[in-house]
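Engineer: Sequence:
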Amino acid sequence: MKMSSPSAFEHIVIATHPNIPQACEKAAQIATFLEDRGIVAMHGSLYDESLRTIVKEKGDLLIALGGDGTMLRAGHLCAPHHVPILGINIGKLGFLIEFKHNEWEDALTKVLAGAYWLENRMMLQAEQWRDEQKLGSWVVLNEVVVSRGRILRPVHLHTSVEGHFLTTYVADGLIAATPTGATAYALAAGGPILPPELRNILLVPVAPHLSIDRAIVLPQGSSVSITVHTEHQAIISMDGQEPIAMEDGDSVNVRASDHVTQFVRTQDPGYFYRNISPQMYNNYPAIKTNYDRNS
Numbered sequence: 001m002k003m004s005s006p007s008a009f010e011h012i013v014i015a016t017h018p019n020i021p022q023a024c025e026k027a028a029q030i031a032t033f034l035e036d037r038g039i040v041a042m043h044g045s046l047y048d049e050s051l052r053t054i055v056k057e058k059g060d061l062l063i064a065l066g067g068d069g070t071m072l073r074a075g076h077l078c079a080p081h082h083v084p085i086l087g088i089n090i091g092k093l094g095f096l097i098e099f100k101h102n103e104w105e106d107a108l109t110k111v112l113a114g115a116y117w118l119e120n121r122m123m124l125q126a127e128q129w130r131d132e133q134k135l136g137s138w139v140v141l142n143e144v145v146v147s148r149g150r151i152l153r154p155v156h157l158h159t160s161v162e163g164h165f166l167t168t169y170v171a172d173g174l175i176a177a178t179p180t181g182a183t184a185y186a187l188a189a190g191g192p193i194l195p196p197e198l199r200n201i202l203l204v205p206v207a208p209h210l211s212i213d214r215a216i217v218l219p220q221g222s223s224v225s226i227t228v229h230t231e232h233q234a235i236i237s238m239d240g241q242e243p244i245a246m247e248d249g250d251s252v253n254v255r256a257s258d259h260v261t262q263f264v265r266t267q268d269p270g271y272f273y274r275n276i277s278p279q280m281y282n283n284y285p286a287i288k289t290n291y292d293r294n295s
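Position 67, counted from 1, in the sequence shown is what the working numbering calls 67; the numbers after and before it change by one each time, with no gaps.
No lab work stands behind these hints, which were simulated from the structure alone.
Treat each hint with caution, since some may be false.
To be verified - Derived CB-CB ranges, DEER-like:
1. GLN267 x GLN22: 22 to 32 Å
2. HIS82 x LYS110: 17 to 27 Å
3. GLU35 x ARG274: 48 to 58 Å
4. GLN267 x HIS81: 22 to 32 Å
5. ILE276 x GLU25: 41 to 51 Å
6. GLN22 x PRO192: 32 to 42 Å
7. GLN22 x HIS209: 40 to 50 Å
Here a beta-carbon is modelled for each residue, glycine too, at the ideal position from N, C-alpha and C.
Taking the hints into account, I'd like the entire structure generated from these sequences.
Structural biologist: Quick look at the structure:
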């Protein structure tokens, strides 16, 4: 764990989720705290185009106020520009966030003193293809999901790894996740938890029928191609964003992105395991029930 030198940040952007009213008040408090220490601080909605421009042009650090969804959006914005992210939890879930809303002052004091390290999180590059035409390209932090649409029928997902046929999933969908995404949709679908520093793609089928029903962790550097075969609606969704329609024969190619998301950490790397246990206990009822029964 390598700590950084103090005074590394001169321009700090404080980004809030627009649907969390208390985040705006907290952002103003944090801005005042930073300005009193001679740092240029700007705050506003994560979706504000002027704020996004500042991040791209001169941001040294982005402070994200919200939940895990806010952290995902911050990752999409910051990764191409090598801007690290400090998360402060004002939302519901906080698997990606190290600090609670009432710990921000202590957290920033440590960071400004240089008592922090940068954690690199793998991202995915996803592309949608129809015949020889590329329809879209996205950089993803959590997961790429290819699945059925509103009609309750499974889709056939012809899946290859490094150009070699793996299997055809007959399922509601298939998740291709990063280790970060292992604690998101992939976890809810029964996948394993992966250490965040890994660079492996995780494949998790959703409600598979007479096909492979176990998650697969692919070797580092592997690429995946998923071709959908269906007579009804199918979709692709990245990091829980608005789904995009797919047609029979469309393919989604997934590989490790050249970009990484950098999270600012002040605790030792064991924070991940300390943080994940209460999150699972509080937010996954089956785990909570079993815990209560056995304690």
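Engineer: Indicate, hint by hint, whether the structure satisfies it.
Structural biologist: Verification of the hints:
no.: 1; hint: GLN267 x GLN22: 22 to 32 Å; in the structure: holds, 24 Å
no.: 2; hint: HIS82 x LYS110: 17 to 27 Å; in the structure: holds, 21 Å
no.: 3; hint: GLU35 x ARG274: 48 to 58 Å; in the structure: violated, 33 Å
no.: 4; hint: GLN267 x HIS81: 22 to 32 Å; in the structure: holds, 25 Å
no.: 5; hint: ILE276 x GLU25: 41 to 51 Å; in the structure: violated, 29 Å
no.: 6; hint: GLN22 x PRO192: 32 to 42 Å; in the structure: holds, 35 Å
no.: 7; hint: GLN22 x HIS209: 40 to 50 Å; in the structure: holds, 44 Å
Hint check: violations occur at hints 3 and 5; the rest are consistent with the structure.
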